[in-house]
Each structure stands twice: as structure tokens, then as C-alpha cells.
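Next come the chains, spelled out residue by residue.
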Amino acid sequence: MRLIARYAIDRGDAIEVVTRYDETSESVHLDAKAPAISTIATTHPAAIWFERKLSDDFGIFIEGAFDRRPLVHHERFPKNLHPMQKSFAQNTLDFAEFTPYKFEAVGGDGVFEVAVGPIHAGIIEPGHFHFSQAGEDMLHQEVRHFYKYRGIEKMVEGMKLAEAKPIIERISGNESVAYQIAWRDIAAQAAGVEVPLPLRRYHAFLLELERFIHHWIDLGFIPNDAGFGAALAYASRLAEEGRRMMASLSGHRFGFGAVTWRKQRIETKPILAWLERMAKEAAWFEEWIMDIPSLWDRLDTTGRLRHEKAVKYDCVGVVARAGGVPVDVRMTPFYIEHGYRMQTRAHGDVGARFKVRLAEVKNSLEMMHRFLERDAFSMEVSFAKEGRYEAFVESSLGELYMMVEIEDGAIDRFFARDPSFINWQALHLMMPGNIIADFPLINKSCDLSYAGNDL
Amino acid sequence: MLRFWEKRALTGVVTEHRGFENDIAQIRSALKDEVKKRFAGSLAIRMVDSGSCNACEAECNALSNPLYDLERLGIRFVASPRHADVMLLSGVLTFNMYHHVMDAWEQIPEPKWCITLGDCPVMQAPFRQSFAIKGPAEAHLPVAYHIPGCPPSPEVIMRGLLAFLRSLD
Ligand code: SF4
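Going down the list, the sequences are from chains A and B.
Each residue of the first sequence is one higher than the last, beginning at 0 in numbering that gives the first Met the number 0.
Each residue of the second sequence is one higher than the last, beginning at 0 in numbering that gives the first Met the number 0.
Hints should not be assumed to be uniformly reliable.
[As the list claims (entries may be wrong)] No more than 27 Å apart at the CA atoms, straight line, and that leaves these computed lysine-lysine pairs for DSSO-like:
| # | chain 1 | residue 1 | chain 2 | residue 2 |
| --- | --- | --- | --- | --- |
| 1 | B | Lys6 | A | Lys268 |
| 2 | A | Lys361 | A | Lys279 |
| 3 | A | Lys85 | A | Lys32 |
| 4 | A | Lys32 | A | Lys78 |
| 5 | B | Lys6 | A | Lys279 |
| 6 | A | Lys159 | A | Lys384 |
| 7 | A | Lys361 | B | Lys6 |
| 8 | A | Lys268 | A | Lys361 |
| 9 | A | Lys308 | A | Lys101 |
Derived from the structure by calculation, the hints contain no laboratory data.
For clarity, every value in this text was computed on a predicted model and none was experimentally measured.
Take these sequences, add in the hints, and give me the full structure.
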């Protein structure tokens, strides 16, 4: 069973903890006065962050936990404050006294620690990586995030679904369309309607376009981090073309506001011509890049995540597929009919992740061909029935899970688990056997989100 | 390799000459004369994300793609605040980033300027004030210039940077 998420909902005199697996969902009610629950991290290591977050958010004691450090609450976060409890209503916080965070570190003769971040060297999101080193060799690495923690889960409580949409689509700019489609699926369920085919096709087109853009950015930056800058120049030009296509279709370069209940009439001819041209560019890029042995010398065998580990850590997205784990939300009749083909590789290294991305870009272009439709479409959706709704979307980073509970027509609990939240926890497994100079390459090949993770 | 050079020759230079090349020429001479002392002919920017959705960063990265090629203007993004003239701040200034942002600002040598990028740092993006947000940035930092947008496109960022330079005199 694959763990998808573990989260809680404040029910007044009880706190409900939901554990979502791929096939089942378990719900336990805890006494709100002294909430405690047993850890599942012994069988699902990826539960650790979920459980640390449960303690921060709700004050739940995790029995048998081997990591009791706070997760989203940093050094100066006031102690014994649990903002996801319904009774917490503060809009601002004062800084508390500094409580140092104890990093995971490996001891031993000659072993030293290297701390990087939260502000990194490039134009990149803030986060912290903590390495235990023996010379150049990485022995261990701890990922510490949540510098970007904006309190979005709480922020949208009490809002109508439509009101919350502009916020939800800005959780992670790289995955905006994916978040919007998750929102759409939840809104449709709450209104008791099916999303009609023309909209599903159009939104799927936008989602593949988003993937096209995001994958091209990575396909440029991965070789760039190995010292092959020409690939970045090439790939970033194609990503820019994708952004402009997104802007011409949706009026926004990142597709903010693109997923609605309306679709305008589209001039398909120029788009089809563009897709043809992009397919040629991708084919040229592939032939070119595959033929550079010095580059593959750097990419192959670097940052390997073995299949068993990818399974054990419940990995998703390109990270999982590159290690031969076939998880992809698009594995549905709708997508398969439109030309979707699962892309997996066996080695789980940087090279494999690069190849999966390249194969997916080409597959996305094929699917976009079939998703494209000319005609306009529109519908009204408003009424939101009470209840708990879930959505799964394959964002460019992997499986996105969203859960919304509606009460009195407004959001009572919002929970989103970005694919990064899972994959970040597996990043350290890719380090042993590599040197610290490989880290940027390994990290970039996974291209995980901080904003989606930190919510 | 031959295939590469063939492609290279066929593609040519793709850098776009946007509609404000005249502005650029003028700013270049402004940079040369007045600002030369301060910026030594080039402006170094340290980008600091204080809690963005990453779209603002993506647009700053896009500034180096061959179509915009920002560096031709003598404007560079640098790795260390100690090499920077300007802190370009994006994001909503979260509770958890607050002290790190202030640290980075401290590290920038005088004279220095803070430019806010995008609607987030001025709390104009759709995010509401929450316990985890310390924004707006101008309550904590001397903001010299603001580039609006959600996110501002590469072209808007370029225009904004040029307008900032012009505002210095
Ligand atoms: S201003 Fe808009 S695009 Fe920029 S970080 Fe904020 S939400 Fe994202």
C-alpha cells in the first residue's frame, strides 16, 4: 500500500486523523484534550514529515516517533501554539526566543558538516540542506524546509471555493494548472456535476503545456549544472515558447486563472503547426544531447535512487518513474485514449530522470495534438454541497493530492499534498556515494518545489 | 558536432530587440556617466525569495534566456549579497524567512537599494494576511522601487529595472 498523506481535522471535542493510502483511507478520532496517535513511520518513512506537521499544526503527540523536532515551526515560532486548531484565530505572531534546531548529523573521525541555505546562490527558492561530509564524500544529508510557509491551509478556511481559487492557483507557480484542475475536480464534485469532455480536454491540454514548459526548464538546467551551458540556452528558448503559447491561450504566462468553466473558441491551425515544430525541436535536441559522452559521464550513475527505496519512500512523479515505479495519475482510459504512454526507466539516476523528462515532453506534444479542440464551451457551476472531496492530478512534478471539506457552503478544511512533500524526504537517499559537487545536479534532476511543499 | 553548427547557423541570433531599445541606449549612457562611480558600469542584483510561488523567480530566470538576454544591459544576478548593489525581493515575507531576509539585506554593502518584485511583497497578491506572514516588505525595509505584476513578465522586469536606474539620478 502506498502512503499518500496523513492529516488531521479539528472536530471540536475530537481531532480526526486521516491516513490516506492509494487503496484505502483510515480515520481515527482522538480526544481533543490530549490527542495522541501511533506512528506509521516504521513501515512508511515518508510519514515522518506528515506526523511532525500533525504535532505542529494540532499538538498531536505521536507515540513511538523517533523524530520529535518541529517541522513547519522554526526557531522563533512561539511554543505550544497550534495554528490549525479551530480555536486559533491570530492574524499575526510575535517572534519567540530562539530555540536551536538539532540537525541530523553523522559523527566520526574527520567527518564535518556543511550547511547550505536557506538563501541559495542562484535565483532559486529558499530552503536548507545540511550535509555530513568525509572530505568530498557525502555521507548524509538532511533537507530542512518550510521557510516559505505561508499558512495557506488556514488562510482559505471560511472562504467559498471560488474565492479561494486565486490563492490555490498560486500555491506553486510551476504547477498552477495542476492545482487549478484539482480545485476544478473538487468544485465539480461539490456541485454534483461531471466535468464535460470539452473542458477536460482543454484543461488537459493546458496541463501538458505546463509540463512541457517545466520539463524544458529542467532539461536545460540539468546539463547546465554539469557544465554544459549550451543545453540551457537551447531548452530555455523552448520553455519561453511554451510560456508564450500559454499566454496566448489563457492570457497569462503561467496560466493563472486559466481553468474555469468556460472555454473560448480556439484557432487551432497555428497551434497544430507550433506543436509540429516543437516536436522537431525536441527530436533535434534528443539526437544532439544523447551524443555528448562527457555529459553522460556526469549524468549516469549519479544520484541513484534504487527501485526498492523509491517504493519504500512512496515516491511519486519523475523521481519514482525514473526508478521503475509506475505511478502516474494519468494512467486512466481518458489519457490512454489520447495517446498517453507511461514513461519509466530502470536506473533511478540523474540520467534516467533526464531521459524520463525528455520522453514525457515528446509524449505531451502528441497528447496535446489530440486534446486540441476548436469549439467554445461554457457552463455554470455554483452550489457546493457539504462533504469531503478529494482530487488527484499528475502535475509536472508528480501526483498532487488535494482534499477539501465543505461546510455551510464554505471551506472548513483545506489540505494539499504536493508531490514534492513526498519526494523531498527521499532526496537524502540519493547522496551516499556521490561527492558534494554532484549535489546541485542531483537536486535539479528531481526539481522539487519549495512553494508547493511549504504551502 | 557538424549538426550543431548547422543548427547554430540556421537559428542565428534570437535575442529580441524589444520596443524599448531607445530607453536602453539612454540608460546605458546614464550608467556610463552618473552611475559609473556607484555601479562601475554594471548593476549587480541579489535576488531574495521571501515566500513566493516561484513564478516571480521563474521570470527572473527567463531574463537570461536567449530571447531577453538581460546581461547585455550590464545587469547581472549575483550569488552573494556581498557582491550586490540591489536586493530584489519577491514573496510575501514569511514569518520563517524574516530574519534571513534581514540578514541578506545587512550583508549588502552601502550604498544599496531594495526593489520589491511582484504583488506579493506589497501584499497585493491574492494571499490574505496570516499568522505566517510578516509582510508588507516596506514595513521592514527601505524599499526604493517596486515592480508590480503577478508575476511581472520578463519585459516588465526589464522596464522596471531601467526605470529604477532612471529614478536614481
Ligand atoms: S507576485 Fe504572484 S507570481 Fe509573484 S510570487 Fe507572488 S503570487 Fe507568485
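Exercise. Which numbered hints turn out to be false for this structure?
Worked result: No numbers; nothing is violated.
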